[in-house]
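Model the placement of chain R on the given structure of chain P, informed by the hints.
2 protein chains.
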Amino acid sequence: MYSFTAPKSKGQMLATELKIRRNKIRVLMQQKKIDAAIITCNVNLLYTCGQIVSGYLYLSVDGADHLFIKRPNNLMGESIHPIRKVEQIKTFLDQNNIPTPQSVMLEAEELPYTEYMRIAALFPTADIVNGTPLIHEARSIKTPIEIGLFQEAAAAHVRAYQQIPSIYHRGMTDRAFSIEIEHLMRLEGSLGIFRIFGRSMEIFMGSVLTGDNATQPSPYDFALGGQGADPSLPVGFNGSKLKEGQTVMVDIGGNFNGYICDMSRVFSIGKIKEEAYAAHQVCLAVQDKIAALAKPGAICQELYHTAIEMVKKSGFTAYFMGMEQQAKFIGHGIGLEINESPVIAPRITTELQPGMVFALEPKIVLPQIGPVGIENSWVVTNTGVEKLTHCEESILPL
Amino acid sequence: MYSFTAPKSKGQMLATELKIRRNKIRVLMQQKKIDAAIITCNVNLLYTCGQIVSGYLYLSVDGADHLFIKRPNNLMGESIHPIRKVEQIKTFLDQNNIPTPQSVMLEAEELPYTEYMRIAALFPTADIVNGTPLIHEARSIKTPIEIGLFQEAAAAHVRAYQQIPSIYHRGMTDRAFSIEIEHLMRLEGSLGIFRIFGRSMEIFMGSVLTGDNATQPSPYDFALGGQGADPSLPVGFNGSKLKEGQTVMVDIGGNFNGYICDMSRVFSIGKIKEEAYAAHQVCLAVQDKIAALAKPGAICQELYHTAIEMVKKSGFTAYFMGMEQQAKFIGHGIGLEINESPVIAPRITTELQPGMVFALEPKIVLPQIGPVGIENSWVVTNTGVEKLTHCEESILPL
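Chains as they are written, first to last, in the working numbering: chain P, 2 to 399; chain R, 2 to 399.
Chain P with its partners taken away, still in its complex shape:
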């Protein structure tokens, strides 16, 4: 059982916490014989420095780290050095007789090509290594403080979702419904911003899908798509009325402190067909089954296949995780970004480990009705998993 005290203030990131996080990266660097990392992408700086700066963390495998900052101009500290351009890092290392690393890790899956080349050019004799998978691996095992932040986020997320019925009125569109839920989330403290790994996925605060719009494929690899309100953002609501006999699924990201909690709930408008309740029940049963099997050592692809087998027996395979275009996962790690490790999907051989946090989202889309199913956020404990998002899971009438 995890039992954590969240830090007194969200801004108060303890030096020891940052040391733990950096050491997780260092251990992996040691295994791969990497001498130094240059970390500059926002989420990775947030992870290793407790705040976002425009700058570079020079993380050395032996622990002598330096933070080089372009902006803001008001941060000071023993190992903090103001710079104007990245080349000054090399000048600093040379002037301080810090040995040139033989192997340097850069965020190769995050840095744009031109920027990567510019940083790599500082170390012409070094092997340049892709650090993204390694940092992701470190980030995938949350510390107690990170799990505490997730618990805080989950509580706020639940408080907002519990107020959803209060903002509904008859004749509303999915768009109006979404706007009022976003507003509830903001009032509960949501930071709004929705961080996603990779250059291609985009969404505003999350998605609200009703009726057949939930069957619409999107360019983005979310569990469900939706046509969206405009070709410039082809995902989520499309202005459909919330109609009698249909369902509406709310899946708005819960970023209250940097950690993005993930939770979906389904509401019904008027009387809906029995089939919807049956399909919803299948999703809840999948959730229960996976939650029972998920524990340290459980293998992601096996969890996925177990879920798929259950859905197959239920007869809902053609509607599982989308219709016209089906998502090929049932869960995903969450953290500072919405799509972290582990991914519960075919061919993913990752073993669950204590401290991993993931969203599990078995969902079924029924033509003419809409989406049903569930999504909760879970933390892997020493013996199993614990739910973070405690909120009514049945289809709630609006």
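Treat the hints with caution; some may be incorrect.
Where chains are identical, the list cannot tell them apart; a pair therefore holds if satisfied intra-copy or between any two copies.
Unchecked claim - Below are the DSBU-like pairs computed for lysine-lysine, each with C-alpha atoms no more than 35 angstroms apart in a straight line:
#1 K86 with K329
#2 K244 with K272
#3 K86 with K296
#4 K86 with K25
#5 K91 with K296
#6 K33 with K91
#7 K242 with K86
#8 K25 with K274
#9 K33 with K86
#10 K388 with K244
#11 K329 with K272
#12 K86 with K290
#13 K33 with K313
#14 K71 with K244
#15 K272 with K86
#16 K71 with K329
#17 K242 with K313
#18 K86 with K20
#19 K86 with K34
#20 K314 with K25
Calculated from the structure, these hints are not laboratory results. Source: prediction; values computed, not measured.
Chain R alone, transformed into the frame defined by chain P:
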């Protein structure tokens, strides 16, 4: 004088419009002797294809283009080809006897290093060229349809801002005030999402700054900073009360159709010092002066220096564009992203051209009072500039 009819439906992007846009890129490719471009970043696909897909536009200098799509799976057309992985582009070119290009342009400032290398590997004998500046140049001159979309966005932006006084109540925090303005923007049709070029800048929908929080530097290169509500998003409001004698500046992005209109307005709480009105007047005078000088052929850095000279004479130099950390620009191009070309800043020798759209934002931050100044969006016409954002510009009492 521009006079445009916006497209009947936002989704209805005409083939001729896309042809115009692609041809603008082709002309630049011809000049640089580039045979083909592979375009895959969201805003560039939106620009060239009228929609975002997960896929790749193979744009050939001779006009035989092909769109290769991974997602969504429901798009069809003569030159649309479903693929699973980028390598299938090369297979397609080979199978259709399309000559291998000798020079290929990739989005080198946008594509992550690993992805760039994977695409570049398809053309081992070709010169691989950075296409980002060239696409930016094409995008910087808006078509009449794009300007029409800006006019639509500006009108909606103004409608939302005009309602700001109605949501204010005494004792409100900057955060509560921001949330209600965001809500107004969403109700007027804002898509919410705020696209920024580059990996390092982030913001939710925009910023609301009051009192001394407006003096706080941020890691991001916006005109003003603000501490932010959380270390994970260090920009904008920080929970300060809107206090008697202070100002509050609203600078929320106006993305109603993909094109991000930019506008800031200042409000006063109770009675504020005369100094604030004087400083505001300086900003309005700078705006008037620059608007009078801005026309085709005007050079960005000269406009900037003219503004700086005016501010110097006014005595507000130490407070112009921030205090502890001052932004080094007074305006920036806008389009599908908030930070496009031209940038009105020192050392920028870009000449204004008809069809460019930019935000001009002279702002002054006064200690203990807060920010004053103005921001409007402007389009360059054949003879000068026209304001897009028509909305009261004085400091409005709340």
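Verification of the supplied hints:
no.	hint	result
1	K86 with K329	between (42 angstroms within a copy, 16 angstroms between copies)
2	K244 with K272	within (10 angstroms within a copy, 50 angstroms between copies)
3	K86 with K296	between (46 angstroms within a copy, 34 angstroms between copies)
4	K86 with K25	both (28 angstroms within a copy, 33 angstroms between copies)
5	K91 with K296	neither (45 angstroms within a copy, 43 angstroms between copies)
6	K33 with K91	both (23 angstroms within a copy, 34 angstroms between copies)
7	K242 with K86	neither (52 angstroms within a copy, 37 angstroms between copies)
8	K25 with K274	neither (51 angstroms within a copy, 53 angstroms between copies)
9	K33 with K86	both (29 angstroms within a copy, 29 angstroms between copies)
10	K388 with K244	within (32 angstroms within a copy, 42 angstroms between copies)
11	K329 with K272	within (31 angstroms within a copy, 59 angstroms between copies)
12	K86 with K290	between (53 angstroms within a copy, 34 angstroms between copies)
13	K33 with K313	neither (42 angstroms within a copy, 56 angstroms between copies)
14	K71 with K244	between (52 angstroms within a copy, 32 angstroms between copies)
15	K272 with K86	neither (62 angstroms within a copy, 44 angstroms between copies)
16	K71 with K329	between (41 angstroms within a copy, 14 angstroms between copies)
17	K242 with K313	within (32 angstroms within a copy, 56 angstroms between copies)
18	K86 with K20	within (26 angstroms within a copy, 40 angstroms between copies)
19	K86 with K34	both (28 angstroms within a copy, 32 angstroms between copies)
20	K314 with K25	neither (42 angstroms within a copy, 55 angstroms between copies)
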